[in-house]
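**Q** Given next are the chains, with one letter for each unit.
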Amino acid sequence: MIGQHLEISVLAILILTLSALGIAFTPLSFLLMVILPYAAFVIFIGGFIYRVVKWAKAPVPFRITTTCGQQSSLPWIKSAPLESPSTVWGVIGRMALEVFLFRSLFRNTDVAIVGQRPVYGSAKWLWFFGLLFHWSMLVIVLRHLRFFIEPIAPWIKGLSAIDGFFEIGVPTLYLSDLTVLAGLTFLFLRRMAVPRLRYISLVTDYFALLLLLGIVTTGLLMKHFFPADLLHVKNLALGWVTFAPAAPKGVGTVFYIHLSFVFTLFVWFPFSKLMHMGGIFLSPTRNLANDNRMKRHLNPWNAPVKVHTYEEYEDEFREKMKLAGLPLEKE
Amino acid sequence: MKLYNRGMVIAGIVVFLIVATFPLWYGRGKAVPPPDLKLDTPAIQGLKEKLCVETAPYMRANHMKLLTVWRDDVVRKGKRTYTAMDGRVHQISLTGTCLGCHSNKKQFCDRCHDYSGAKPACWSCHIIPEEVR
Chain A
109 MIGQHLEISV LAILILTLSA LGIAFTPLSF LLMVILPYAA FVIFIGGFIY RVVKWAKAPV
169 PFRITTTCGQ QSSLPWIKSA PLESPSTVWG VIGRMALEVF LFRSLFRNTD VAIVGQRPVY
229 GSAKWLWFFG LLFHWSMLVI VLRHLRFFIE PIAPWIKGLS AIDGFFEIGV PTLYLSDLTV
289 LAGLTFLFLR RMAVPRLRYI SLVTDYFALL LLLGIVTTGL LMKHFFPADL LHVKNLALGW
349 VTFAPAAPKG VGTVFYIHLS FVFTLFVWFP FSKLMHMGGI FLSPTRNLAN DNRMKRHLNP
409 WNAPVKVHTY EEYEDEFREK MKLAGLPLEK E
Chain R
29 MKLYNRGMVI AGIVVFLIVA TFPLWYGRGK AVPPPDLKLD TPAIQGLKEK LCVETAPYMR
89 ANHMKLLTVW RDDVVRKGKR TYTAMDGRVH QISLTGTCLG CHSNKKQFCD RCHDYSGAKP
149 ACWSCHIIPE EVR
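So the sequences go chain by chain: A and R.
The first sequence begins at 109 in our numbering and counts up by one.
The second sequence begins at 29 in our numbering and counts up by one.
Incorrect hints may appear among the rest.
Derived list of chain A stretches under chain R, where covered just means 3 residues or more per stretch with a C-beta under 8 Å from a C-beta of chain R [as the list claims (entries may be wrong)]:
1. 163 to 172
2. 288 to 299
Some but not every residue of chain A turned toward chain R, in silico, with C-beta under 8 Å [stated by the list, open to error]:
3. Gly155
4. Phe156
5. Ile257
6. Leu338
7. Asn343
8. Leu346
9. Val349
10. Ala354
11. Ala355
List of simulated lysine-lysine pairs, BS3-like, C-alpha gap at most 25 Å [stated by the list, open to error]:
12. R/Lys133 - A/Lys265
13. A/Lys265 - R/Lys134
14. R/Lys58 - A/Lys331
15. R/Lys30 - A/Lys165
16. A/Lys357 - R/Lys66
17. R/Lys30 - A/Lys403
18. R/Lys78 - A/Lys357
No lab work stands behind these hints, which were simulated from the structure alone.
C-beta atoms are modelled at their ideal positions from N, C-alpha and C, and glycine is treated no differently.
Build out the structure end to end from the sequences listed, making use of the hints.
**A** Here it is as structure tokens:
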């Protein structure tokens with residue numbers, strides 16, 4: 109059913125929003141505030157470990173070499189130690205480039221037909237907005253720690269101060285809130301506007317983006333338009349981490365929607381494409397050194413083969429070979 | 029089923045667990061009492077009806093927006109009175125009206141702001157009464 113993926117995702121978000129609204133005005137809010145946080149967290153942690161262990165059980169017998177740079181060979185041939193590493197440190201460097209700067213996405217190219225001829229060029233927009241979104245998301249998650257620890261660690265205050273450096277409006281507009289919105293909007297519009305991408309986009313692609321957009325939007329609404337009572341919010345969050353949760357009254361409806369989205373994200377995360385957060389570290393094309401010519405890698409499930417080497421052959425027939433006048437390696 | 033690269037995979041999972049549970053172990057599970065706001069200044073005790081400019085729940089969530097409106101009204105429009113939802117008229121003044129009652133910034137404003145990590149810019153222009161005296 110091509111073309112209905114977007115509709116289904118929007119519908120899922122609407123159902124989530126409406127059920128959050130329904131919960132907000134009933135005693136069920138106890139469930140959302142006290143039981144669901146723990147359930148969601150346990151599913152997130154458990155699911156994350158389950159996925160990683162499942163990946164780690166798949167054998168990767170051979171080094172998967174991607175031709176991103178000259179591999180290390182003869183000393184007078186210049187090699188690319190980060191693009192085609194042959195050592196552990198090289199692999200760590202390549203992984204750091206990948207995790208922090210999205211190195212392979214930087215290689216993204218686009219093709220266009222110019223005068224009946226395909227022309228390839230670099231396409232950095234996806235890399236730029238992808239990086240913008242991920243770093244903003246990290247800053248936002250770290251800033252949220254102010255609700256979970258008391259007293260607030262100085263580095264969290266410092267981060268918030270830098271993020272709100274320009275002191276635009278009251279309460280201060282955080283730059284990461286703007287950039288996360290810009291990143292997500294680009295990633296979403298990209299799937300909408302490019303026909304080829306729209307063709308391959310599935311429910312899970314749209315849902316991930318819409319859910320994150322929902323979280324960001326409700327967060328911004330709570331900060332700038334329908335202020336949530338931060339005293340209650342922090343009491344609740346501290347209640348969770350000290351295992352003495354208490355459902356507060358009158359924190360505002362938007363807060364319920366925000367929480368429902370966040371818990372949905374936590375539960376869905378390990379079983380979705382978002383698991384690339386853990387998966388990136390287990391990518392064989394990124395985490396295996398290109399040392400096929402330096403070391404012999406044995407396939408772990410090779411059946412034991414009985415071999416008869418030339419040395420053994422010579423030992424067995426040495427006398428006969430000598431008599432026949434055949435050349436021998438060992439006399 | 030064998031776990032390949034057991035050492036690296038387990039190390040990775042341990043790092044993930046430590047980072048993901050940061051809020052749980054950072055405070056060592058100690059319960060933190062919510063901030064205790066002191067509403068016992070002489071000015072408040074002298075009030076017949078203990079009521080802020082607007083209702084307390086509204087003020088808790090919206091005081092910063094109200095203060096922004098007040099600032100714009102005074103500085104940009106020259107309007108110096110504010111009519112509350114219940115019809116009472118207040119003089120628009122942080123030092124006179126707000127701090128007239130809440131003269132204990134350290135036991136009132138700061139308690140919540142420190143707790144929720146909100147750092148208002150009020151005091152980069154306005155004076156703090158306690159510090160002047």
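**Q** So, for every hint listed, does it hold in this structure?
**A** Now the hints, each set against the structure:
no.	hint	result
1	163 to 172	holds (count 5)
2	288 to 299	violated (count 0)
3	Gly155	violated, 12 Å
4	Phe156	holds, 7 Å
5	Ile257	holds, 5 Å
6	Leu338	holds, 4 Å
7	Asn343	holds, 5 Å
8	Leu346	holds, 5 Å
9	Val349	holds, 5 Å
10	Ala354	violated, 10 Å
11	Ala355	violated, 15 Å
12	R/Lys133 - A/Lys265	holds, 20 Å
13	A/Lys265 - R/Lys134	holds, 19 Å
14	R/Lys58 - A/Lys331	violated, 28 Å
15	R/Lys30 - A/Lys165	holds, 6 Å
16	A/Lys357 - R/Lys66	holds, 22 Å
17	R/Lys30 - A/Lys403	holds, 22 Å
18	R/Lys78 - A/Lys357	holds, 22 Å
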